[in-house]
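Protein chains: 2
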Amino acid sequence: MTHAGAGEVLVVGLGPGPDHWRTPEVSEALTRATDLVGYKTYLDRCAPRPGQTRHASDNREECDRARLALTLAREGRTVAVVSGGDPGVFAMAAAVFEVIDSDAAARQILVTVMPGVSAMQAAAARLGAPLGHDFCVISLSDHLKPWPLIERRLKAAADGDFVIALYNPASKTRPAQIFQAFDLMRAHKALETPVAFARAVGRPDEQLIISTLAEADPATADMATLVIIGSSQTRFVQRPGAAPWIYTPRSAPDTE
Amino acid sequence: MTHAGAGEVLVVGLGPGPDHWRTPEVSEALTRATDLVGYKTYLDRCAPRPGQTRHASDNREECDRARLALTLAREGRTVAVVSGGDPGVFAMAAAVFEVIDSDAAARQILVTVMPGVSAMQAAAARLGAPLGHDFCVISLSDHLKPWPLIERRLKAAADGDFVIALYNPASKTRPAQIFQAFDLMRAHKALETPVAFARAVGRPDEQLIISTLAEADPATADMATLVIIGSSQTRFVQRPGAAPWIYTPRSAPDTE
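Line by line, the protein sequences are chains A and B.
Counted the way our numbering counts, the first sequence spans residues 1 to 256.
Counted the way our numbering counts, the second sequence spans residues 1 to 256.
Please keep in mind that the hints were generated in silico from the structure rather than gathered at the bench.
Bear in mind the structure is a predicted one, so any value in this text is a computation, not a measurement.
Accuracy of the hints is not assured; some may be wrong.
Treat identical chains as interchangeable: a pair holds within one or across any two.
Claimed, not checked - Using 20 Å as the maximum straight-line C-alpha spacing, the simulated SDA-like pairs for lysine to any residue come out as follows:
#	residue 1	residue 2
1	Lys155	Ile209
2	Lys155	Ala214
3	Lys172	Arg49
4	Lys189	Leu208
5	Lys40	Leu68
6	Lys155	Asp254
7	Lys155	Asp205
8	Lys172	Leu43
9	Lys189	Glu75
10	Lys40	Arg74
11	Lys155	Pro253
12	Lys172	Asp217
13	Lys189	Leu213
14	Lys172	Leu72
15	Lys172	Arg45
16	Lys172	Gln238
17	Lys40	Ser211
18	Lys155	Asp101
19	Lys155	Thr71
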């Protein structure tokens, strides 16, 4: 696809927090990249390497970052586009392909996406096995999509009795939407449904709050929080000396 | 929670295929475990270690495996319960907590779940960024849940215009359900919706088949296949010398 000596783009995810959740494939990519492009918070998690150039940017500039990476690759550089988590889940991979889609010349560039552990998976591991069966993954941010579509998806997720993982549940500019989402959930799901707020999982300020749909306080959620809302089958398991486990059994009763 | 010298259970996932998708946390757990418990196919992917005992079993014996692991831990062993992919996504973590839920004594045992890269993430990375926005994850197996619940979830996933990742789409004993699922999808989604069959991603026999809902042949899917069906926004990007990329933009139009 590309000739020898051509540049390339490596779209990588660091995992949710500690280095031990970063795949060896990604670590190797970060070693051989000549350039790192990404949100400053993520680049700060990459060990500095002599001769490697860092292009840090603010959040919310995903397409600018993707264009820069593709431009550098066209100049022959090996460019790692760095996300947290998995680059393919609410992260930079979609932005890279949006830019490629709008720029025929960019389709010549060798692009490799490398999967990673996403925040919902780290949260689930800490909580037990809440994603052990069918689930939906929804970003609550209406920065790029209309709120009615988000409500439609929340409603469909409740209709399907899915476990629901919510990304981007709230921010300083969007404090109200998580309350609207909980209102909708309470109208459609049992109030005893297990709910968890998993904040900064794997980082020193990790915090897990376990509750029910009736009692959960949506104000608990911020941009660093992953919210999980159970299905009708999701259960607590009490244990001594620690918060209860939450899991979703692999089986569902024949009650249709 | 446990006294010094007590055993423990480490619920780990190897990732979808090659070692470079296995997290360092999991590799370290496999090194210090005294016992490995798992489906033989997965244990065969773990390097043998002197003094380590392997308890290989057939597939479909998840609860027996979980019970064995908890029993060994109670005897003071450090037991790794080994899944492919992420143990929290259609894998052993839920089975472990089902057994703990039914056995109060098991709740004393130290259990740590370690997240991993799941098959849908590896498939998405190879294809582009199909899971770049809201998506649903559904197992098509009716081994433990009624088929009407699966149909209800497929219908809800279509109603919510989610991207859909299907695990366990077909097996020798369940050849027809993927056809039923595609019939349902064709009745509810646009026929030009991108579809991908990603088989054995990361393994030597990896195969990617890219199609549309109209043209996809459900017979392509087997137990090693992850099926991805796009949302109304999911797009192809043609490129020279290779199959098109598939991605789902981060934005959705305001058409509600």
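Unmet hints by their number, sorted upward, for this structure: 1, 3, 4, 7, 8, 9, 10, 14, 15, 16, 17, 18, 19
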